[in-house]
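Engineer: Residue-level listing of the chains:
Protein chains: 2
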Amino acid sequence: MREEEVIDLIKKRLKMKNPDVLVGPGDDTAVLEYDRTHYLLLTTDCVVENVHFKRKEASLFQIGRKSMVVNLSDIASMGGVPLYALASVGLPTGFSRKEITQLLRGMQKMADAYNFDIVGGNLTRAPVLFVDISIAGKVEKKYLKLRSGAKPGNLIFVTGRLGGTLVRKHLNAIPRIEESRQIIKNVPVTAMMDISDGLSSDLMRMAKASGTGFVLKLSSIPVSADALRISRTKKEAVSHALNDGEDYELLFTVPSAYEEKVPEKVNSVPVTCIGEMTKEKRYIGLLDDLGVEKIEPAGYSHF
Amino acid sequence: MREEEVIDLIKKRLKMKNPDVLVGPGDDTAVLEYDRTHYLLLTTDCVVENVHFKRKEASLFQIGRKSMVVNLSDIASMGGVPLYALASVGLPTGFSRKEITQLLRGMQKMADAYNFDIVGGNLTRAPVLFVDISIAGKVEKKYLKLRSGAKPGNLIFVTGRLGGTLVRKHLNAIPRIEESRQIIKNVPVTAMMDISDGLSSDLMRMAKASGTGFVLKLSSIPVSADALRISRTKKEAVSHALNDGEDYELLFTVPSAYEEKVPEKVNSVPVTCIGEMTKEKRYIGLLDDLGVEKIEPAGYSHF
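Same order as they appear, the protein sequences are chains A and B. Sequential numbering of the first sequence, starting at 140, is according to our numbering. Sequential numbering of the second sequence, starting at 140, is according to our numbering.
Treat the hints as calculated values from the structure; they're not laboratory data. Hints may be right or wrong, so weigh each one.
The list cannot tell twin chains apart, which means a pair is met if one copy fits it or any two copies do.
[As the list claims (entries may be wrong)] In the DSS-like style, the derived pairs of lysine-lysine whose C-alpha atoms are separated by at most 30 Å in a straight line are:
#1 Lys281 x Lys156
#2 Lys151 x Lys248
#3 Lys347 x Lys195
#4 Lys150 x Lys248
#5 Lys156 x Lys248
#6 Lys277 x Lys420
#7 Lys404 x Lys290
The task is simple: from the sequences and hints, build the whole structure.
Structural biologist: Structure, rendered in structure tokens:
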């Protein structure tokens, strides 16, 4: 089965009983009632040896760090902040005290940087190393952002520069917790998600959830230095930016009347307008010579 | 490294920053401030192919079910009820829609039985099937039970009958959510945990956390029919009850003055007094001929 089919199957089979569940499976995190002014956010994500990293190419510190980043990016995409993490680790035989400590140090580094606690976990034998993290976070009700809120005519923005992430960034990404909060507090964002599987796939998910299409101005997509370095042509670099995934950048939409309100940078991270949501449910890439091409969901698939 | 060493390492390395963390790593769940009258409980546990089940011996429905039960048992042992679950699944290639549906059905069966929602999850490729569940639950502040509260002289009780779990029970255990609540509401329980790794190992953990020792009356330990069936002698059956693990029964202590208050059954589950906590930090098994033997931590080790 393809990943999207599995996700559809899950959404269909899992019926929410509790009225406190505002958002169940399908967005970056679940959204639950918490207190008068906040929602509780729950999310889980897993990194598996030989699927998301190779032991030869990543230190245990980097693996521990990455296991947290992929979850923190989901919390950021809802507009929230992390509170508590659980870490479930599958360990092959023969790990030393030093190696386990390095893995923990990578996780704890993120917990310290973003001021949350790793409150529990689980250890089990496994044939390969995996680290499955769950994070509970919170968001002020007025700041919650879903992927489903985009409207036709809204402008599409991304943080950072995309593509070429396999060179370095997938192990060193910085979760956009602070950047998300700064943007949300200053601009009337209509939809937000993070780019984990690739701009093409993730923007299609946002459009699908919002009931829109989109037109991307391909030459506007901010391409990373690593994507340029591994490409022979500009076109190839843009293709990396569209499809590589593991960017852990923010993708969000804003009513066009507020275009001027969107800062060019938050902290030192560039914010770039790359296109527009459309009423017509087509996914279009616009070339500078005014040619068009159809955007395909060529991002990372888990299956 | 041995499992206890890893747990000690984790407890030492992870420093809690947030004053809302009442209990971090080391009990059956983490305990966090929630509202005026409740604590939030967070726990995670994972079942891995060829470690916790074999595909030939377990249906996918049973695997999905078990992945929930091991977590619900932790919620029960704190006195709580489940609210929300996250499911992170590692899938080898080639799973059909029907197979994934069966796995989900096993999980959903428990969500329906115990009235909670599976609000999110994650799917990833993996070399073997694993299901990592996180559950958020809650408990009234007045009903919270920790494993560290036992006092010398307290009587030790277990629910159900122990041992022989590999025959059937590890795939069919019933989490003691309702039984735990009934007991806590009627008896001044001082400490509680669930038996997952084996009575011997888990009672030692409770004694260690409480700063006590214990004396077990070995002939009082309720032995399951399956443990008897696979044993040639009574002694061998008791050894199964002490050490097999995966019972998912409750282990709890009560001041001796309240012995009469403890019901003989909750629902139809027997509740049995098996010994006493002691001031002297030794772990003793008492034989009927008045001989004694030292109890060794022979329960299941994850490493």
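Engineer: Now tell me if each hint is right for this structure.
Structural biologist: The hints, checked one at a time:
Taking the shortest alpha-carbon separations for lysine 281 and lysine 156, both the intra-copy value of 25 Å and the inter-copy value of 26 Å come in at or below 30 Å. For the homomeric pair lysine 151 and lysine 248, the shortest alpha-carbon distance between copies (15 Å) is at most 30 Å, but the shortest distance inside one copy (38 Å) is not. For the homomeric pair lysine 347 and lysine 195, neither the shortest alpha-carbon distance inside one copy (38 Å) nor that between copies (40 Å) is at most 30 Å. Taking the closest pair of Cα atoms, lysine 150 and lysine 248 come within 30 Å of each other only across two copies (16 Å); inside a single copy the shortest separation is 34 Å, beyond that limit.
For the identical chains of this complex, lysine 156 and lysine 248 are inter-copy neighbours only, at 13 Å across copies versus 37 Å inside a copy, given an alpha-carbon limit of 30 Å. Taking the shortest Cα distances, lysine 277 and lysine 420 never come within 30 Å of each other, neither inside one copy (33 Å) nor across copies (43 Å). Taking CA atoms no more than 30 Å apart as the test, lysine 404 paired with lysine 290 passes inside one copy only; the shortest distance there is 24 Å, against 59 Å between copies.
In summary, the numbered hints that this structure violates are 3, 6.
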